[in-house]
Amino acid sequence: MNLTLVWRAVVVLFLLMNQPGCSVKFTDSQGENLAVKIDPDNDGVATDSGGQKDNCPSTYNPSQYDTDGDGIGDACDPCPLNSDPTVKSDACFGPEPSKYTFDQIEGDWFFVSWAVIRDVNSLAYKDGNVTS
1 MNLTLVWRAV
11 VVLFLLMNQP
21 GCSVKFTDSQ
31 GENLAVKIDP
41 DNDGVATDSG
51 GQKDNCPSTY
61 NPSQYDTDGD
71 GIGDACDPCP
81 LNSDPTVKSD
91 ACFGPEPSKY
101 TFDQIEGDWF
111 FVSWAVIRDV
121 NSLAYKDGNV
131 TS
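Residue numbers for the sequence shown, in the numbering used here: 1 to 132.
None of these hints come from the bench; they were simulated from the model.
No experiment lies behind these values; they were computed from the predicted model shown.
Quick list of simulated restraints, FRET-style, between CB atoms:
(1) G69 - G31: 36 to 42 Å
(2) T59 - S83: 17 to 23 Å
(3) Y65 - G31: 38 to 44 Å
Idealized CB from N, CA, C, for every residue including glycine.
Can you build the whole structure from these sequences, using the hints too?
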């Protein structure tokens, strides 16, 4: 067999396997299916595997964190703290345990207010009044 032909076939298969929505089926000499792991974002988690499935198939996301449990990884989820798919990314707010909390220290009460602010790039906790 010509070695050049084999390398060309390997290159073509590699290119096909890394295309979104493309699947390639391999069988051994007895016709048994062989497992093929396709990982277009090269994060080490296959898009189509028998076990864990990449929750951000086109975004590098080796940790596979999914804080809100909606099946979309935090790396590509516009609302990583809210599993409601109807919420737009500019209105993403985290879970709010209570609007106000009170704390007693040595007999005096201190009023503490807080807000969770979500912008496009970061999540920040702010004390005091928040204006929009």
